[in-house]
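Participant: Sequence:
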Amino acid sequence: MKLNRIGRLGATFGGMLLVAGVLTTAQPAAAITGGTRDEVHTNVGVVRFTTESGRFRCSGTLISPTVVLTAGHCTGDTGASPATNVFVSFNTDLPADPLAAGITPAERAARAANYITGTAHPDPGWTGKLSISKQHDQGVVVLDAPATSKWPGITPAPLLPVGTLDANQGALKNETFTLAGYGVDIGAKKAQVVVPERRSTTSFLKTVQSEVVTFQINDRDAKAGGGSCFGDSGGPVFLGQFVAGDSSYVNSLTCNATSGYQRVDTAYSRAFLAQFL
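Numbering (this note's numbering) for the sequence shown: 19 to 295.
These aren't lab readings, by the way, just hints derived from the structure by calculation.
A portion of the hints provided could be inaccurate.
[As the list claims (entries may be wrong)] Derived SDA-like pairs (lysine to any residue); straight-line CA-CA distance at most 25 Å:
| id | residue 1 | residue 2 |
| --- | --- | --- |
| 1 | LYS147 | ARG55 |
| 2 | LYS147 | PRO214 |
| 3 | LYS168 | SER71 |
| 4 | LYS152 | TYR286 |
| 5 | LYS224 | GLN187 |
| 6 | LYS168 | ARG55 |
| 7 | LYS191 | THR137 |
| 8 | LYS224 | THR284 |
[To be verified] Pairwise CB distance ranges, derived in the manner of DEER restraints:
| id | residue 1 | residue 2 | range |
| --- | --- | --- | --- |
| 9 | GLN187 | GLY143 | 23 to 29 Å |
| 10 | GLY120 | LYS224 | 39 to 45 Å |
| 11 | GLU70 | GLY120 | 17 to 23 Å |
| 12 | PRO170 | LEU295 | 32 to 38 Å |
| 13 | GLY143 | PRO170 | 35 to 41 Å |
| 14 | GLU193 | PRO170 | 20 to 26 Å |
We put the CB at the ideal spot given by N, CA and C, even for glycine.
The task is simple: from the sequences and hints, build the whole structure.
Facilitator: Laid out in structure tokens, this is it:
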């Protein structure tokens, strides 16, 4: 999955973190690359929102009946400037944006029927700049109605117990992680290709850092199936059924090297999330 202007993900170049998007300085994540259509992780949804930088699309995960976990850069330009006009959908096929320009009121209403609106809450520590040491690239959307009111049977995903990644780094090198989202793919001549559906793939752990966990995302890797890209920003990485983090950045515009996820198994992350759970 890859991320573009309609979905955000971070990229790193020469040790610098860059945000994807026309007028941004960092690059958020996009669509799953090398993956397949995902009708299993029904608690993974698409998040549409507006910031001072424009209108974007990200991914997110339902972690309570009314709370969606996503990236900080998917909930605001900074922790002090929350996103507005937030719409969340858990449809497998990507529904069109109800706030797109040039559509009729009837079309806007028809599109909005595929979504639940919500309020964005970025981590107060999110500065708008990606940093490995103090990233804080997490946020939530509090839905205006329970997800089950529109998607009966949907169940929240559990969060990875605090400290799991720190305590099991060695053993987890051999475990398969699952990445999911609504991001772009990379096609011929390294062009971004919009894939209008939820997709997932597998990957293997590279490093565990204080706030970030990284994964190999080359879709030609014989050990795994691909990785995250632009539009996958905010989407989950699963260890079994547990959410281990939200998609934050990639270090390649073609999403074929390393992907970083904001950890949710830290005491800091849980203190933030506990306010909404």
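Participant: Hints first: check each against the structure and report whether it holds.
Facilitator: Hint check:
About 32 Å separates the Cα atoms of LYS147 and ARG55, which puts this hinted pair outside 25 Å; it is violated. A distance of roughly 28 Å separates the Cα atoms of LYS147 and PRO214; the hinted pair therefore is violated under the 25 Å criterion. Annotation: proposed proximity of LYS168 to SER71 is violated, straight-line Cα distance about 30 Å (limit 25 Å). As the CA atoms of LYS152 and TYR286 are separated by approximately 11 Å, the hinted pair is consistent with the 25 Å bound.
Taking the CA atoms of LYS224 and GLN187, the gap is near 9 Å; set against the 25 Å cutoff, the hint holds. A hinted pair counts as satisfied when its Cα atoms are at most 25 Å apart, and LYS168 with ARG55 qualifies at roughly 21 Å. The hinted pair formed by LYS191 and THR137 fails the criterion: a straight-line CA distance of about 37 Å is larger than 25 Å. Annotation: proposed proximity of LYS224 to THR284 holds, straight-line Cα distance about 18 Å (limit 25 Å).
Separation of GLN187 from GLY143 is about 24 Å and conforms to the stated range, judged on CB atoms against 23 to 29 Å. Restraint check, GLY120 to LYS224: a C-beta distance of roughly 43 Å satisfies the suggested window 39 to 45 Å. In this structure the hint that GLU70 and GLY120 lie 17 to 23 Å apart at CB holds, the actual value being about 22 Å. Take PRO170 and LEU295: their Cβ atoms lie about 22 Å apart, and the range 32 to 38 Å is violated.
Our hint of 35 to 41 Å for GLY143 and PRO170 holds, since their Cβ atoms are close to 36 Å apart. A C-beta distance of roughly 32 Å is found between GLU193 and PRO170, which places it outside the suggested range of 20 to 26 Å.
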